[in-house]
Amino acid sequence: MAGDMNSKELLKEISIPLLAILSSFIIGTLIVIASGYDPIATYGALLQGAFGGLNSIADTLLAATPLIFTGLTVAFAYRCGLFNIGGEGQLLVGGLTAAWIGTFKGVPMIIHLPLTLLAAMVAGALWVAIPAILKAKLGVHEVITTIMFNYISYSLVAYFSLKVLAKPGSIQTPDIEPSAYLWRFSNVLDMYSYLNIGFLIGLIVLFVIYYLLWKTTIGYEIRAVGISPDAAEYGGISAARNIILAMLISGALAGLGGAERAMGLFHNYRNGFSAEYGFTGIAVALLGRNHPLGIFLAALLFGALSNGQDYMNMLAGVPVDLVTILQAVIILFVAADLLFRRVLALKPEGRKGE
Amino acid sequence: MSKRNLIFLSLILALTLLVGCAGGGEQPPQDTPQEDGQKAASDLKVGIVLSSGGKGDKSFNDSSLRGLDRAKEEGLIAEYKYIEPKEVAAAEKGLRFLAQQGYDLVIGVGFMQKDAVDTVSKEFADTKFAIIDDVVDNPNVASLTFKEHEGSFLAGALAALLTTHEEIEGINAEEVVGFLGGMDSPLIHKFELGYTSGVDYINETEGTDVKVKINYTGSDPSAFNDPAKGKEIALAQYNAGADIIYHASGGTGIGLFEAAAQTGNYAIGVDSDQDWNQPGYILTSVLKKVDNAVFATVKAVKEGNFEAGLKEYGLEEKGVALTPLTEAGVTVKAAQEAGDITAEDVAKIEGLKAKIPAEIKDKIEDIKSKIIAGEIEVPNYLEQAQ
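For the record, the sequence lines run as chains F and W.
Going by our numbering, 171 is the number at position 171 of the first sequence; the sequence numbering is gapless.
Going by our numbering, 28 is the number at position 28 of the second sequence; the sequence numbering is gapless.
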């Protein structure tokens, strides 16, 4: 499912996620009705919250932004045959780093802004470095190590944000300097949303990752290792080197996601910094078939759901947990890939690799 | 994506989802406020944005809603609307939504909403706001805070006085008491400092040498809802010689009560009347009357004398209090009437309270009046931290 595919293959790739979404909405409707709520009012509130006006659309894009980064985090590692489940921890570490570097005073914006972004990326990459090296050199399974590193990061980040950096008497770090602000669209548009150029950075990164994976030698090598490490080695490509490289880039993407939250949305690091973006990113990558374009669309969908769910609660009085159920059902159906292939009478995918 | 990998990834995903959902807890179906015929009773529109945990937390949020229910019963308002934000960032949306809908009074529950209330109250200068447990210094915001340190001081004094009474079953020879905190955060340190100050006061006045074991459950909001870890910590403290443990840890405290019942030692509850949680093992509870504060604010708006600024509810204002040391409190009696507990349970609760020596009860009353009179000054962690 690389960048180049014929239209029939493309249709096949798209039809399955679409069917999954459709089915999940049908099941979701049944759950809404069974719970005694009006499905039209419920979905109406969801749509109004997600797309009803400039502010709502901006909020949807704002909610989609971290998912673009964490979706790419998972997908990029996956292209090298790796499961990086540690996006959550890498995002938190990157976010805290940005919130700290961002408080440095007296640095001109032209240096401060890129420096803070870069520091968050480096922090995210460093956070995945140990799992990456363990995988490349000793074959320790990265699912275990990256997941465990999440737990380490929760405690570490809590320690630094609450004990070292926190404003006295509060549970958040001091605000960053304006020289490290990601510019907000509300500066020129009449809206409340905190949508900022972090979203545009996300779009650029989507394109850069696409280009890197499919148009450069580095990307070719990473994908070759992903398809078959042994064959890649035989062909003169170092599996270990590419595994480490892919993991570091993957971690850096998550760190950048954290930077957007710290520099664009919150302007500090606070308790409840991430609404489990790292984990939703796994779903985004899965639904987006690990392709930048698919990830963009999946992030938009999950962003709309996440933004709209608040209005389901506010306008229709539906418990927010219902949206969580909806998301879970979508994932379930995407994962039940085989079912849809049967239904569509498509040939099951063989072990032909990617 | 190859099939095997896909299945693997899906499994992991399913697991993470499960883990994610486990923390959510159950939420009773929400009854959408209906603007029914009662509307004529009052045109006052009140909306509230709850804190994490939502409706049904048997603590903080429920107490706030009780205040609104009372306002409804007394005809101050016809209805109210409550919003349960799923994440911290969503609270701001909820507050703004209520303000945009023309609500007269918008209440934000919990210190996590400080920034959100600050931002939204500036946008809607004509709307009245209230924040519970924190201070927002805007001309249209009432900041409702509680002198948790005063109630905790009484709890500390009670624990320190009682731990030397070895003759009471469940009290050991060691002069050690415990404190179990939820999330390691400034507000909970306020409880802790009040408690340890109460112990220190007794050490000074009685010449004892009571020590306090202090542990926190964690450093994020989930620490307020982790009974398993709460029990583990409590058992460790009881093993280390503590015989009375006070907690400020939300749902985590359920674990403490289980531990107390297991070892036969004692606990002190917090926020709501928790005495009936494990009848016979909970000496008293430090009440935090959020409902009173909410009700008073609604009443003030209704009567046109809403005042912005800081409102502190302490022992004097009955914003914090201990449940009675002589008999079962009103909540316990209500629970009995509702059939939640049996007459036997109430007898156990009252039996425990009867074990507390009368002189200790007198001393606690004395300390209480001294705090109200300003003769004892209880240190406030939040003021020290500023």
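The set of hints was computed from the structure by calculation and includes no laboratory data.
All values reported here derive from a predicted model rather than from experimental measurement.
The C-beta atom is built at its ideal place from N, Cα and C for all residues, glycine as well.
Hints may contain errors.
What the hints assert, rightly or not - Simulated restraints, written as ranges between beta carbons of each label pair:
hint, chain 1, residue 1, chain 2, residue 2, range
1, F, V164, W, L310, 38 to 46 Å
2, F, P114, W, N305, 52 to 60 Å
3, W, L310, F, K163, 43 to 51 Å
4, W, A236, F, K163, 33 to 41 Å
5, F, I111, W, E303, 39 to 47 Å
6, F, G235, W, A236, 53 to 61 Å
7, F, I33, W, P324, 47 to 55 Å
8, W, E303, F, A41, 31 to 39 Å
9, W, G75, F, I204, 37 to 45 Å
10, F, G106, W, E377, 53 to 61 Å
11, F, I31, W, A228, 27 to 35 Å
12, W, G75, F, G106, 54 to 62 Å
13, F, K163, W, A261, 30 to 38 Å
14, F, I33, W, T342, 38 to 46 Å
Open item on the list: Could you work out which of the previously given hints the structure breaks and list their numbers from low to high?
Closed with: 1, 3, 4, 5, 9, 10
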